[in-house]
Amino acid sequence: EAQVTQNPRYLITVTGKKLTVTCSQNMNHEYMSWYRQDPGLGLRQIYYSMNVEVTDKGDVPEGYKVSRKEKRNFPLILESPSPNQTSLYFCASSLLGASNTGELFFGEGSRLTVL
Amino acid sequence: AQKITQTQPGMFVQEKEAVTLDCTYDTSDPSYGLFWYKQPSSGEMIFLIYQGSYDQQNATEGRYSLNFQKARKSANLVISASQLGDSAMYFCAMREGYPSDGALIFGKGTTLSVSS
Chain A
1 EAQVTQNPRY
11 LITVTGKKLT
21 VTCSQNMNHE
31 YMSWYRQDPG
41 LGLRQIYYSM
51 NVEVTDKGDV
61 PEGYKVSRKE
71 KRNFPLILES
81 PSPNQTSLYF
91 CASSLLGASN
101 TGELFFGEGS
111 RLTVL
Chain B
1001 AQKITQTQPG
1011 MFVQEKEAVT
1021 LDCTYDTSDP
1031 SYGLFWYKQP
1041 SSGEMIFLIY
1051 QGSYDQQNAT
1061 EGRYSLNFQK
1071 ARKSANLVIS
1081 ASQLGDSAMY
1091 FCAMREGYPS
1101 DGALIFGKGT
1111 TLSVSS
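Chains as they are written, first to last, in my numbering: chain A, 1 to 115; chain B, 1001 to 1116.
Certain hints may be false.
[Claimed, not checked] Subject to a maximum C-alpha distance of 27 Å in a straight line, what follows is the list of computed DSS-like cross-link-like pairs (lysine-lysine):
(1) 57/A x 1108/B
(2) 1108/B x 1003/B
(3) 65/A x 1070/B
[Unchecked claim] Some chain B residues flagged as far from chain A (calculated, every beta-carbon gap over 10 Å):
(4) 1006
(5) 1019
(6) 1020
(7) 1026
These aren't lab readings, by the way, just hints derived from the structure by calculation.
All values reported here derive from a predicted model rather than from experimental measurement.
Ideal Cβ positions, reconstructed from N, Cα and C, are used throughout, including at glycine.
Build out the structure end to end from the sequences listed, making use of the hints.
Below, the structure written as C-alpha cells:
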C-alpha cells in the first residue's frame, strides 16, 4: 500500500530533550516536506526537500533540523524542544516533474507536546 | 504577504445545499497548481481536487468543483449537495513552478459545518 508513515504518532516530552520524528514513504517520491499545524494558523511549512541531499527552509524552520540521506526517509529533528513547538506535525511527499500534478500525500500526523 | 488567503474562518450549511469556500492566491509565476484538501476531525489530510494554471476547464471531482477565475486569482471550492460527512476543515493550497517544482503553501483553512 502506498503510504507516508510517521512515528511517533503521539509524544509528550520535556523542554530540552532531543527528539526525532521519523518519516518514510514507499512511493519513490522526490519531494518531501514537513508542516506544523496550529489552531488559526493553518499548515506552515518547516522544511522541504526536492531530492536526496537537497533541503530548503520553509516558513518556520527555527528550532528544527532535517536530513535527506535516502530518498524514502526525511526525519525531523528537534535538538532542544521548547513549549512553543507543541503542535501537530505532518510529513508529506509528492512526485515532481511535467507529468505530475504535484499532489501531496500526507502521513497521519504526529501530535507533539513539549512540557 | 500571504500567498493563499481563505477569508472565511467558518461556514455553515444545511444538508443538500451547495456551499462555496473562498480562496484567493498571489503569484507572479505563470505556472502553478492549486489544490484543495479536507481535514476531518480525525485529523488526516484528504486530497480533493487539483487545478493547473494552464487548464482551460474548471476541475471537477464528483460533488467537488473548483471555480477557477485566473484574472481574479481565485480558486473557490464548490461542494454541491452537502452531506453531514462534509463537516471538516478545508484547506486551499498552491504550488508554484511548472508544473510541480516548488513548495506547496497552504491557507489558514475554513471550517465547514453541515447541519441536518
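Please settle this one: residue 1020/B was flagged as non-interface, so is its CB more than 10 Å from every CB on chain A?
19 Å, holds
Is residue 57/A close enough to residue 1108/B, meaning Cα to Cα at most 27 Å?
20 Å, holds
Just want to verify: residue 1019/B was marked as not at the interface with chain A; is every Cβ pair farther apart than 10 Å?
19 Å, holds
Are all beta-carbon distances from residue 1026/B to chain A longer than 10 Å?
The claim holds: residue 1026/B sits with its nearest Cβ about 15 Å from chain A, beyond 10 Å.
27 Å Cα cutoff - pair residue 65/A, residue 1070/B
37 Å, violated
Does residue 1003/B sit within 27 Å of residue 1108/B, going by the straight-line distance between their CA atoms?
11 Å, holds
Mind verifying the non-interface call on residue 1006/B? Its CB should be farther than 10 Å from each CB in chain A.
8 Å, violated
Against the hints set out earlier in the document, violations occur for numbers 3, 4.
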